[in-house]
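Asker: Take a look at the letters that make up each chain.
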Amino acid sequence: MNFDFSDDQKLLRDQARKFLQDKCDRKSVRSILEDNQKNYDADLWSQISELGWTGTAIPEEYGGLGLGMLELCVIAEELGRALAPTPFSSSIYIFAEFLKSYGTDEQKKKYLPHIASGEKIGTFALSETNGKPKPNNIKTQHTSGKLNGSKNPVSDGESADYIIVAANSDSNSNYNSLSLFIIDRSDPGVIISNLDTIDPTRPACTVDLENVACERLGDEGSGWEMIDNIFNRAAVLFSFEQVGGAQVSLDEAKKYSLERFAFGKQIGAFQALKHKMADMYVKIELARSNAYYGAWALSTDSNELPIAAAGARVSASEAYNYASQENIQIHGGVGFTWEYDCHLFYRRSKLLSLNIGSIRQWKENLISNLEKRNIV
Amino acid sequence: MDFNDTPQEAEFRKKVRSFLEANAEKRSTLAAKPKGDSGSSISSAGAPETVKGEDAAKLALQNAKEWQRKKADAGFAAILWPKEFGGYGGTPIEQVIYAQEEHDYFVHSGYFEIGIGMLGPTMMAWGKDEDKKRFLPKMITGEEIWCQLFSEPSAGSDLAGIRMKAEKDGDEWVLNGQKVWTSGAHFADYGMIVARSDPTALKHKGLTYFYVDMKTPGIEAKPIKQISGSANFNEVFFNDVRIPDSQRIGAEGDGWKVSLTTLMNERLAVGDPPGLDFDQIFEASKEIEVEDGLAVKNSEVRQKMADWYIQSRGLQYTKYRSMTALSKGQTPGPELSISKLVTASKMQDVSSYALDLMDMSGMVHQDKNPILKNLFQNGYFFSAAMRIAGGTDEVLRNIIAERVLGLPQDERSDKKLPFNELPSGKN
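Just so you know, the sequences run in chain order A and B. Reading the first sequence from the start, the letters are residues 1244 to 1619 in the working numbering. Reading the second sequence from the start, the letters are residues 58 to 484 in the working numbering.
So that you can see chain A by itself, here it is in the shape it has in the complex:
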């Protein structure tokens, strides 16, 4: 058994951490938070693209580095630690993974090299309304090669050049009628309107589609199946971002508790706070271990992936939500000021626990996959 990252992968982690400490400090995160005109840090994006991060897990023949998913997990954790304000997840965890899994060779050649180089950005549009996306609330329609409908919220939609759109290819909406289509943002029928989010460093928008030209991705009618699979893959990657962010939340809580004195001693010497931080640590370690298992399933194409991904997703979402919320608590009054950084993590953790489906939904996925495994 070797349940750890390799030395090369750890080296990559160290390099990524150093790079982001330098190029993605809190000031640059805040510059995106506080500027309504900016959706992401374009300088940072071009630098991480030059480093090849965007192409990490894209095969060489399509312009990537051809490394594995484990390397991508390592990078994800560092992006999470740094609160990197980039469309990396939408473009790499989701758009690129859809193309890698379901694109024709022609589609891969057309899209992946631009995604790998970072010069183009992709995203995915599924949700249309409040609550869990499902057949009865997906109204976007594909007819005679054109898409019509409205998607909301779409992560990184404003920055995207390409969008994968989930739409019904049949007049009935059911589990076998959903198909996926790739559209080009420059089509005049694509109307983007910005939405404010709980974490403005991770933007979203509404995408209205009026007779937009498109090409189908994957088999007709197998949309939900493809989405399940790609969300499972993305869930593992996000779980590393979440573990990264949760760890920094704990580290900063600890640091503050050692600097701040009350009643004549460091507040970190009070058991009420020590025990709280011990609980943060426990949740983070469990999440990290579940994420590792997800990484193993992802990198080996194991049929355990649906269970491993859901376990990683739930564990990491809960750990990050808890760590970021208790980090504010440990900071006391300054914890809820704009000036202190606690809220950056509080925002990011909640957003990450919603963006590819809620904790509630993933718990349901977990149990239903465990039921299926039992029957098999």
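Since the hints were derived computationally from the structure, they do not count as laboratory data. One or more of the hints may lead you astray.
What follows is a list of derived Cβ distance ranges for each label pair [unchecked claim]:
#1 B:Glu111 <-> A:Asn1546: 48 to 58 Å
#2 A:Asp1462 <-> B:Asp59: 27 to 37 Å
#3 A:Asp1251 <-> B:Asn477: 56 to 66 Å
Since we're looking at a predicted model, the values are computed, not measured. All residues carry an ideal CB built from backbone N, CA and C; glycine is no exception.
Dock chain B against chain A, hints included.
Answerer: Just chain B now, kept in the frame of chain A:
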């Protein structure tokens, strides 16, 4: 990153499997019993349900000894011990492999865990050669059972607060006082004991470590009946118990240092208590009816079970990470202390919730209970004890906060004064 055995490990696993298949009986998920009422698995499990009370306990002990002998003959009884003392001379990974495989079988090794896991390694580190030769091989085969005489009525979480007197009289020591929570003292052949040899020294400096024959005159073990109704622990009274100085382990006054060797090994030995878990409530939820049908189909039940699943598997994978570190020659850190902290509360939550699902039938706790075999009733009682035994939740949180996170130690008033001047609430 992979879970594959190396060729060497695969070979070992094959050996273990064929040994277990030939010698032990497999168990089903719902037959999994919570372990006994201590961190170790001493219970009447293994005895047929028709045999009760003392007879059942005797029979269980006899079965366990037979099993231990088979394990020892096959070389699997003490995988980490060196061969010279009858061990396997194996690696931590091999120990994990053995535990994984044995977990699926209905066998009991709990009687020997304290000796092999904690006391044996202490003797190896601090004991005299003739003692090692005399005692260690019989510890492995189960011929002699050992108990650990550490805790006292006023030394629980604060273990160094030991008051048991050890007074030197020529070449002998005279022991007077009381120990408590001693697993297996009523059937153990030998025990290891820490006592206060100098009450005027600082608390951690005035202790000395010994081993004793439990049949020495003046030693009396009285079982303590627990919340579960069973009695796996004892109070042990020492009344003018005379032992030769040759039974001292380590130097006079070094008792605390020697104890730390025992306690360090405790974390490895009892750090992985199996028992009532996600798998049991998941299986049970397919049999229990709630307001809208089977419990397993109820959304609230599913949400709860998902939380227990991630805790359960999170711990399992954490252990894999620790073991990976071990097999690379790194020491496992105190991060292993999260295991019992999470497991005990999870078991309490799982059992309490399962009893709630069972509705009125959850009230029943009688022998041969046809409904789920008392699984959750037993867990309900056992888990309350488990949150305390072997380090309370609160002590474990302190350990994590101080040793892992490096937060300040609690302020203490007992480090600078001689032991006999410390406030005890009794002076």
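Asker: Is it true that the C-beta distance of glutamate 111 of chain B to asparagine 1546 of chain A lies inside 48 to 58 Å, as the hint says?
Answerer: 51 Å Cβ-Cβ, so the 48 to 58 Å window holds.
Asker: Taking 56 to 66 Å as the hint, is the beta-carbon distance of aspartate 1251 of chain A and asparagine 477 of chain B inside that range?
Answerer: 59 Å, holds
Asker: Take the C-beta atom of aspartate 1462 of chain A and the C-beta atom of aspartate 59 of chain B, compute their distance, and say whether it sits inside 27 to 37 Å.
Answerer: 32 Å, holds
The structure fails none of the hints (numbered hints given earlier).
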